[in-house]
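Peer 1: Okay, here's what each chain looks like letter by letter:
There are 2 protein chains.
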Amino acid sequence: MKEIKIGIVGYGGMGGYHESDLIKNNPNVSVKGVFDIDNSKVELAKTKNLVGYNSYEELLNDNEIEAVLVATPNDSHKEISIKALNNKKHVICEKPVTINSDDLLEIVEVAKKNDRVFMVHQNRRWDSDYLIIRDLYKNKQIGDLFQIESRVHGANGIPGDWRHIKKHGGGMLLDWGVHILDQILFMVDSPIKNIYSDLSYVLGDEVDDGFVTYITFENGVRAVLEVGTSNFIKLPRWYVKGLNGSGAIYDWDLSGELIVQNKLDEKIELKPIKAGEGFTKTMAPPSEESTTKLKLPNPSCEYEPFYTNFARVVREGVDPIVKNEEVYKLMKVIEDIFKSAKN
Amino acid sequence: MKEIKIGIVGYGGMGGYHESDLIKNNPNVSVKGVFDIDNSKVELAKTKNLVGYNSYEELLNDNEIEAVLVATPNDSHKEISIKALNNKKHVICEKPVTINSDDLLEIVEVAKKNDRVFMVHQNRRWDSDYLIIRDLYKNKQIGDLFQIESRVHGANGIPGDWRHIKKHGGGMLLDWGVHILDQILFMVDSPIKNIYSDLSYVLGDEVDDGFVTYITFENGVRAVLEVGTSNFIKLPRWYVKGLNGSGAIYDWDLSGELIVQNKLDEKIELKPIKAGEGFTKTMAPPSEESTTKLKLPNPSCEYEPFYTNFARVVREGVDPIVKNEEVYKLMKVIEDIFKSAKN
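Chains as they are written, first to last, in UniProt numbering: chain A, 1 to 343; chain B, 1 to 343.
Just chain A, with the same shape it has in the complex:
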């Protein structure tokens, strides 16, 4: 397969991460050069033997560049993507793809008209913690999962500069929310029946500093999604309940466990425990014989890495792993959450 040469627009933290971690290690793609409105970033690129473009137009006029990675602040994704597509470049766009779902439809139209690929980088479909839970959901190691709780807790408030500003698409729902919602929608193959959401504004920003969303799917699965930036103690990254047991992944280090119910011939009589000013059988720990503790399985999935897939979509016309229809649905859900939280 002929390597695809990529030009990066926006060489901040995310653009740099694509270059050094994702693209460099993939034989199907390479970075040729960089444009950034901050000239120091262009100079930085030059020190890494990349071409430093003086303008976006210069990048687009480079005929060797087949694809553009858009890694700029959220509110500029649309304009930059459309310009690239109209210049016959394929586009990889960082998330959230746009500030509203209509803008995404517009981009997709332009891509179609120019016969070019437009793919959103929903990178967290490849996170190991996610893949472990997705596998539990599919393979039912602890029975059918009926409750999936996904939390991302930090204690540093909202980071950086533009993420505090509404018109730039700031706030946690458009930052981490886009990730953890995408993960759930890509896991649970069922329409949404009901959403309850509450956005947090305790830090005094004009954008949300966190949120909780409670989703009921038509197949009965419940999902709790939560992002917090004032959580000095973390709840588990993942907490799931299945018909035969429970599972937890505590943190990014993949510490965690599964507790599975054993099939026993006779019911073990429970011993009540003291719980506050009362006794409880209901909340007594299950007897030792009645459960087994298992290690978490290793992460695995049936799909290929993002850039391998991107290259094959471009060269071979295979299906993209991140489909624009999925991203559109995701953006609609986010709009619903903003709307319902306002009322």
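Errors might be hidden in some of the hints.
One copy or two, either will do: identical chains are not told apart, so a pair holds if it fits within one copy or between any two.
As the list claims (entries may be wrong) - Cross-link-like lysine to aspartate or glutamate pairs, in silico, EDC-like; alpha carbons within 16 Å at most:
(1) Lys267 <-> Asp161
(2) Lys234 <-> Glu149
(3) Lys274 <-> Asp251
(4) Lys5 <-> Glu269
These aren't lab readings, by the way, just hints derived from the structure by calculation.
Once you have looked at the hints, place chain B on chain A.
Peer 2: Leaving out everything else, chain B in the frame of chain A:
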């Protein structure tokens, strides 16, 4: 103060607990005798040097008995309480006081007419874990609490017999739900603005085997209340967020911690951490200098034990700690939850 002699109706687990743990150790009250429709329970009482009554009437006709403790299944509380009040006995009633709020109003009317005390035993207002959190809320050790999460997790399903049956007032909302809702309403002195609730029926009972309730109070405080009976891994009993830190009580053993934010002269630059297939500053752990870990404070409260208060309400006319208006409000909230969960 002249000791109040109590007759117990319903000498199961809860009736026995009152006798052996709460009343025996209180100088203001004592148990004289017991009635139970299960004769073996009456016989058991006799072995403990208590009077075993052959009928409820016999208990009520005992003029030495000044007060009746009602510790029968939920759907019989009303009839038994009213009969006692009409026989000029004071009444202590187990929770949930009645299956619906109108029944409580009826009982309170009868109590008023007979000039007798009717008090519901909301015992978990005295739980040590609760008192620690209530104290945090009042004394703001980690700043104003804006998020209070109270979870009771077990893995044994619904216990016993009548608790599975709707007409007997079974289900977890009327069992543990009544406790943890009462605790929150007794802590947060603000009207409720909004409630979202979801009841769980995964175990196939006709009553709920757990629930989650998300309350927004008018003063801005959020409460998450959750009871589960298929949680093989427990989330913390309490998890709270304040403006200056977070707190957790992990289990009934009062294991837990507070993490408090330090006031620092300069902002410490955060180091991004690897989190799945990406880097994050937002969710990086706060630097070592920026927080302090504290032990949980000891439990304390400004109010006296339940039976001390009950005796003083009867003898001295002081205010009850558990007010019938509070219990009525609690029952209304529970009715709202059942109603909203149906829709």
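Peer 1: So, for every hint listed, does it hold in this structure?
Peer 2: Comparing the hints with the structure gives:
1. Lys267 <-> Asp161: Cα proximity of Lys267 and Asp161: across copies only (15 Å, versus 59 Å in one copy).
2. Lys234 <-> Glu149: This pair counts as both: shortest intra-copy Cα distance 13 Å, inter-copy 13 Å.
3. Lys274 <-> Asp251: between (31 Å within a copy, 11 Å between copies)
4. Lys5 <-> Glu269: Intra 67 Å, inter 35 Å, cutoff 16 Å: neither.
The structure shown violates just one earlier hint, number 4.
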